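K.L.:
Same order as they appear, the protein sequences are chains A and B.
Numbering follows our numbering, with no gaps: position 52 of the first sequence is 52.
Converting from the second sequence to our numbering requires adding 185 to each position, the first position being numbered 1.
If you are wondering where the hints come from, they were derived from the structure by calculation, not from laboratory data.
Only true hints are included.
Derived DSS-like pairs: lysine-lysine, alpha-carbon spacing no greater than 25 angstroms straight-line:
(1) K235(B) / K313(B)
(2) K223(B) / K122(A)
(3) K267(B) / K315(B)
(4) K313(B) / K290(B)
(5) K209(B) / K315(B)
(6) K122(A) / K209(B)
Over 10 angstroms on every C-beta distance to chain B, these chain A residues come out as not near it, computed from the model:
(7) G22
(8) A23
(9) A27
(10) R30
(11) L51
(12) W78
(13) A81
(14) A85
(15) V89
(16) W99
(17) L165
(18) G168
(19) S183
Now the stretches of chain B that chain A is said to cover, found in silico as 3 or more residues with beta-carbon under 8 angstroms:
(20) 222–230
(21) 236–250
(22) 284–295
This structure is a prediction, so every number in the text was calculated from the model and none was measured.
Ideal Cβ positions, reconstructed from N, Cα and C, are used throughout, including at glycine.
Read off the chains here:
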Amino acid sequence: MTQPINTPPERVKRLMERFFDGATSNAEERELYAYFRRPDLPAEWLAYRDLFAYFEQGLTDAALPPVAATPGRLHRLWRRAMAVAAVAVALLATGATGWHHARMERWMHTYEGSYRIEHGRKITDLRDLRPYIEQSLASARQLRHEARAIEQAQARQLDELRQSLTDGVDDPELRRVIEEVCSQP
Amino acid sequence: MKRWLLIACLGASLMLTTGARAQKRIDDVVDRLSLIGKATYTSTLVRDPKTRRVRTIVRELSVTSAPQLGHTLKEAFREETKNATRSTQKQEKGTFQQWLTFENKSRESVYRLSVEASGAAEVTIVVKIK
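Isolated chain A (complex conformation) (with noise of 0.2 angstroms):
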């Protein structure tokens, strides 16, 4: 009799490969079903739980006659596929829960420190600050692109008033120094 509570983890992983192999026994099987039911199940194997509880489900479901007549290969492929798919899944949806996580870490680096004072009343929680910081920070974007706009802007101008001061001036020392005063700051 398995005894699923004591099952060590290298066991439990040699197991599942050769499950998703197709190459357990029936035996093996209910140690591992057994296994994935238990309640203090270690976090790393509880993306697996249910994927184990639905294999359980259709093995010992014996009133479903279409699996109980399908011939032993095809159901090993079948099974197979069927686990693959869900690995694949499993392994996709914890990939892009851990992507989510590490990029809001990030925003959460980068904005730390971050507040917002509405009518008295400070905030500082950055999820709910995050809209009026990227607000802020359009803000900033157009600010940044007026002031390159002035500065061109007053370029121009130095450039226009230094031609129209050094227009018709032969003397090569008034123009020096005409061009010195106008030039940019």
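Following the hints, complete the assembly by docking chain B onto the known chain A.
P.N.:
Structure of chain B alone, referenced to chain A:
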């Protein structure tokens, strides 16, 4: 000799203080107004996520229909114009706008004030730390 040295030191420290105080008047007014009921204020720090060093600070203050506050802000901007690297202003359809830029070894800042005829005012400040 000691006297001259003391005067030189005082002069140097005054120059340094003046440099550090550039645009401080506006910052002080913005800080004070941010706490009043008629204002909304957002301070955004943009950090380098790896080093946590602050790279950019964006501050936005808006006050609604309070002509006196708009006047206070205008006055602060006017006083800082002489310290600015660049300054420009315009009056268009009842809205007064002024831009000031400051630049020193450690930072580059752009300040914009916008005061509407209704008295609503808005200040946007972007400080880029070098």
